[in-house]
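Those protein sequence lines, which keep their order, are chains A and B. Under our numbering, the first sequence has 80 at position 80, and the numbering climbs by one with no breaks. Under our numbering, the second sequence has 201 at position 201, and the numbering climbs by one with no breaks.
Honestly, the hints are just simulated from the structure, not real lab data. The beta carbon of each residue, even a glycine, is placed where N, CA and C say it ideally should be. Be a bit skeptical, because a hint or two may be false.
Beta-carbon label-pair distances, calculated as ranges [claimed, not checked]:
1. A:Lys295 with B:Asn80: 45 to 53 angstroms
2. A:Gly218 with B:Leu225: 23 to 31 angstroms
3. A:Pro310 with B:Asp12: 37 to 45 angstroms
4. A:Val187 with B:Lys198: 50 to 58 angstroms
5. B:Thr152 with A:Gly11: 23 to 31 angstroms
The following residues of chain A were derived to be distant from chain B, with all beta-carbon distances above 10 angstroms [as the list claims (entries may be wrong)]:
6. Asn31
7. Asn53
8. Asn63
9. Glu73
10. Ala84
11. Glu86
12. Thr89
13. Ala168
14. Gly218
15. Ile219
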Amino acid sequence: MILVYAESIDGNFKKSTFEAVSFAAGIAQTNGVHCVAVSIGHVEDAKLAELANYGADKVVAVNSSKLAAFNAEAYAKAFANVAAAEGATIVVVSNTYSGKAVAGRVAAKLKAGIASGVISIPNTSNGFVVRKTVFSGKAFADVNLTTAIKVLAITPNTFDTHTFGKTANLTTADGGLSDADFISNSVEISRVTGKIPLTEAELVVSAGRGMKGPEHWGIIEELAQVLGAATACSKPVSDMHWRPHSEHVGQTGITIKPNLYIAIGISGAIQHLAGVSSSKVIVAINKDPEAPFFKAADYGIVADAFDVLPKILEAAKKLKAAN
Amino acid sequence: MKILVCISNVPDTTTKVTFTDNNTKFNTAGVQFIINPYDELALTRALEITEKQGGTVTAINVGLADAEPSIRKTLAIGANDAVRINAEPQDAYFVAEQIAAYAKSEQFDLILTGRESIDYNGGLVGGLLAEMLGIPSVNVITSIEIENGVATMERDIDGGKEKVSCKLPLVASAQKELTEPRIPNMRGIMAARTKPLKVVEVTGDLKTSATVGFELPAAKGGVKLIPADQAELLIDLLHNEAKVI
Ligand SMILES: Cc1cc2nc3c(=O)[nH]c(=O)nc-3n(C[C@H](O)[C@H](O)[C@H](O)COP(=O)(O)OP(=O)(O)OC[C@H]3O[C@@H](n4cnc5c(N)ncnc54)[C@H](O)[C@@H]3O)c2cc1C
Ligand SMILES: Cc1cc2nc3c(=O)[nH]c(=O)nc-3n(C[C@H](O)[C@H](O)[C@H](O)COP(=O)(O)OP(=O)(O)OC[C@H]3O[C@@H](n4cnc5c(N)ncnc54)[C@H](O)[C@@H]3O)c2cc1C
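Start from the sequences and build out the full structure, keeping to the hints where you can.
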């Protein structure tokens, strides 16, 4: 039986959750076993039922007022208890901050081998081998998990969602929790509203020191907004506080894997490329034809960003207006 | 306050990654190893806390003798003592188990790790370790303050921040922003020579995974250049050719 963690935020599932469910359901189908999704915290039944559409044969909802906010110890315990009750042999989570927080604890509870940042389905022709990114995307490693139970944290925006059109079998479980399981407390949550979080973005517009100063980010934000993209930046840009730290991508920032990454006025240092080179399509805009980013890009424009950005923005607006 | 900081010894960020032995081993030839950048932040924050309210900071690494320059550096930066568990760090599970075995005998108030190691990018040791010790864990923290045995932290969540409070002991994992790394000074480097670095042998040997091979990403097919005076074509190409917008 394959168990998948259906991570929710404020009662809603994200696309990465549906990707994880479809991934788990695909493996379950290949092995002729069931796929069970576990939701923790409050989620309405109609939303839980959507998990069946993405491949869950059964949905187990664990909910109580104490589970309203994320808590790694309690969530992991509830999840591991369901895993044991259902007899899970493979456990799937999405490789998000909270997904990973739960995954490590679950692996320790189940004495299960674990791989995070997984980008392939398991190859079982010789063991149980999954591919993961290492060195922040500079390379891949094939890891053989040798324990009876395996935990996989899969990279968002890597696997497609599939509609299986199954009918929902909704059940609940109490998770076996007591007050002693809630030691850490979530005091307050603040989310940036009206902006697409970088970690979930399919399109990213990113800029570097070539933009000269924070006062020139207006056009970057506007282009991102028109395209429905998130904004990102290079390390020096966040170090100088031109942009928030949460936008810093690269080996010491966030590793992202969007469908489109547009790099404007970024040289393409090895540490920067490490975090973005798995993007499906890369565009580099740089006035220096020798900038290393052009070697990693699919499309390039050798130009002063201040000259070409207005034209690109206009064209993007036209495209969006026409579609 | 007794703080344990977990230190991973990783290739410098400028490393051009290559492999040997038929792509089964990371090629360390000519590679400079450093303290994992997030662990450096964890260490500095631990020192800031103990300087303010008293206590000791112990650095721990699971690694072979070749990790000692990085361990010595933690002492030069200011750790009081260091421990090296003498084993090749096979994977996150193994590393966590070794650190848990040591931590159980020492009763630390706070254990800090980095958000992830920049080589294997697991992001897992903190959670595994906390579970093995039966204590809470809070990952990707960007701030931590300790008062009356309670830690107040901010952590990154997808698309925002969360403020979390938690009674000690706990394991917390450092994210960028936690503090600025400290550079060791001459006095620190001299003092490090006489600070204790204890070598401990491995306990248990549960194998949960094995890396069977590596691969480098396929090279890009080459860049398609768009003339600067027709920059607007980019949008057309992204829409009709690449089909990403
Ligand atoms: C330990 C370590 C970790 C690091 N981690 C990261 C990381 O995670 N992420 C990261 O980004 N960096 C990281 N770096 C820094 C990295 O080495 C580079 O210094 C950094 O990425 C450079 O940022 P940049 O490209 O914005 O700036 P620059 O290197 O200054 O490049 C600016 C670019 O803009 C171009 N330009 C200038 N004006 C214009 C214009 N008008 N129009 C168009 N183009 C223009 C220039 O030709 C140049 O290519 C790290 C470094 C170290 C040592
Ligand atoms: C030559 C060599 C070969 C290696 N081969 C492999 C391999 O094949 N597969 C593999 O998974 N790993 C390998 N490692 C080990 C790797 O460097 C990591 O230490 C370990 O695997 C944990 O990686 P992670 O990315 O899962 O850790 P993460 O969970 O990302 O680490 C998070 C935090 O845990 C702490 N931590 C991590 N590792 C250690 C450590 N060793 N000692 C103390 N604290 C630590 C740090 O605070 C770190 O910031 C190798 C190391 C060397 C030197």
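Okay, the hints, checked on the actual structure:
{"no.": "1", "hint": "A:Lys295 with B:Asn80: 45 to 53 angstroms", "in the structure": "46 angstroms, holds"}
{"no.": "2", "hint": "A:Gly218 with B:Leu225: 23 to 31 angstroms", "in the structure": "27 angstroms, holds"}
{"no.": "3", "hint": "A:Pro310 with B:Asp12: 37 to 45 angstroms", "in the structure": "40 angstroms, holds"}
{"no.": "4", "hint": "A:Val187 with B:Lys198: 50 to 58 angstroms", "in the structure": "38 angstroms, violated"}
{"no.": "5", "hint": "B:Thr152 with A:Gly11: 23 to 31 angstroms", "in the structure": "26 angstroms, holds"}
{"no.": "6", "hint": "Asn31", "in the structure": "20 angstroms, holds"}
{"no.": "7", "hint": "Asn53", "in the structure": "23 angstroms, holds"}
{"no.": "8", "hint": "Asn63", "in the structure": "20 angstroms, holds"}
{"no.": "9", "hint": "Glu73", "in the structure": "5 angstroms, violated"}
{"no.": "10", "hint": "Ala84", "in the structure": "15 angstroms, holds"}
{"no.": "11", "hint": "Glu86", "in the structure": "20 angstroms, holds"}
{"no.": "12", "hint": "Thr89", "in the structure": "14 angstroms, holds"}
{"no.": "13", "hint": "Ala168", "in the structure": "26 angstroms, holds"}
{"no.": "14", "hint": "Gly218", "in the structure": "18 angstroms, holds"}
{"no.": "15", "hint": "Ile219", "in the structure": "13 angstroms, holds"}
Violated hints, listed in ascending order, are 4 and 9; each of the other numbered hints is respected by the structure.
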